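Construct the complete structure from the given sequences, taking the supplied hints into account.
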Amino acid sequence: NAGVTQTPKFQVLKTGQSMTLQCAQDMNHNSMYWYRQDPGMGLRLIYYSASEGTTDKGEVPNGYNVSRLNKREFSLRLESAAPSQTSVYFCASSVRTEGSPLHFGNGTRLTVT
Amino acid sequence: AQSVTQLDSQVPVFEEAPVELRCNYSSSVSVYLFWYVQYPNQGLQLLLKYLSGSTLVKGINGFEAEFNKSQTSFHLRKPSVHISDTAEYFCAVFYYNTDKLIFGTGTRLQVFP
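Chains A and B supply the protein sequences, listed in that same order. For the first sequence, this note's numbering assigns the number 1 to the initial residue and increments by one for each residue that follows. For the second sequence, this note's numbering assigns the number 114 to the initial residue and increments by one for each residue that follows.
No lab work stands behind these hints: they were computed from the structure. Among the hints, a few may not be true.
[Claimed, not checked] Pairs of lysine-lysine residues, derived as DSSO-like cross-links and limited to a Cα-Cα distance of at most 30 Å, are as follows:
#, chain 1, residue 1, chain 2, residue 2
1, B, K213, A, K71
2, B, K171, B, K191
3, B, K162, A, K71
4, B, K213, A, K57
5, A, K57, B, K171
6, B, K162, A, K9
7, A, K9, B, K182
8, A, K57, A, K9
[As the list claims (entries may be wrong)] Only part of the chain A face toward chain B is listed, based on derived beta-carbon distances under 8 Å:
#, residue
9, G42
10, E79
11, P83
12, G99
13, G105
All values reported here derive from a predicted model rather than from experimental measurement. Glycine residues also receive a C-beta, built at the ideal position from the N, C-alpha and C atoms.
In structure tokens, the structure reads:
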């Protein structure tokens with residue numbers, strides 16, 4: 001099983017450029033999430049989608065937008081990248097939001113210069 | 114505020130020695146508790162979880178954790194570590210009352226031969 005697939009694996013952007021990070025899961029999970037991981041800060045939730053058709057802000061949503069395209073796919077868009085958005089981004093999915101274990105993709109390492 | 118504390122950012126240990134990775138959380142309200150492991154350049158994988166029942170939880174790769182409600186702790190233990198256990202370990206707590214999953218900042222376990 002592929003589980004959670006993220007593309008691309010690596011990306012370098014210049015300040016002000018835009019890009020979309022893609023995520024797809026094949027486990028028929030209802031809930032999907034985008035996290036960023038920075039050294040010494042653990043994982044911080046950017047946005048989540050409790051179910052198809054809904055999205056909500058997490059802890060650090062500024063500078064990002066999301067789209068839950070269908071039950072399988074949840075994309076994260078950076079409209080105007082900033083150096084502060086240099087990070088490793090993880091997509092995750094779960095059966096539901098209420099305490100189900102998360103299944104993570106392998107991450108996208110983004111550098112903004 | 115709800116928070117999860119992993120006091121040790123790094124834990125060095127020799128192979129075959131026992132190890133304990135500490136996790137404390139901020140509130141004694143009802144919670145679900147998780148430990149995740151992250152190997153280099155990978156996403157997080159679920160190691161074990163506590164939802165209810167026995168306070169001693171066994172996980173994959175010989176790890177176990179004990180839920181202590183009075184001390185609001187969920188420490189991870191392994192009686193004899195292997196080189197392959199070298200990774201970063203994250204404690205996560207789901208709080209029922211706010212429907213939020215909070216991650217600790219992680220503990221890097223380094224196992225030396």
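Against the structure, the hints come out as follows:
Straight-line distance between C-alpha atoms of K213(B) and K71(A) comes to about 22 Å, which keeps the hinted pair within the 30 Å bound. Proposed proximity of K171(B) and K191(B) is supported: the alpha carbons are some 10 Å apart, at most 30 Å. For the hint pairing K162(B) with K71(A), the CA-to-CA distance comes to about 26 Å; that is within 30 Å, so the pair holds. A C-alpha spacing of about 12 Å is found between K213(B) and K57(A), which places the hinted pair at or below 30 Å, so the restraint holds.
Of the supplied pair hints, the one linking K57(A) and K171(B) is violated, its CA atoms being roughly 34 Å apart against a limit of 30 Å. Taking the CA atoms of K162(B) and K9(A), the gap is near 29 Å; set against the 30 Å cutoff, the hint holds. Distance restraint check for K9(A) and K182(B): the Cα-Cα separation of roughly 40 Å exceeds the 30 Å cut-off, and the hinted pair is therefore not satisfied. With a C-alpha separation of about 24 Å, the suggested pairing of K57(A) with K9(A) holds against the 30 Å cut-off.
Given hint, G42(A) at the interface with chain B, holds; its Cβ is 4 Å from that chain's nearest Cβ, closer than 8 Å. A least Cβ separation of about 25 Å between E79(A) and chain B goes past the 8 Å threshold, and the interface hint is therefore violated. Restraint check, P83(A) versus chain B: the minimum CB separation of about 22 Å is more than 8 Å; hint violated. A distance limit of 8 Å between C-beta atoms decides the matter here; for G99(A) the minimum to chain B is near 4 Å, and the interface restraint holds.
The interface hint given for G105(A) holds, since its Cβ lies 5 Å from the closest Cβ of chain B, which is under the 8 Å cut-off.
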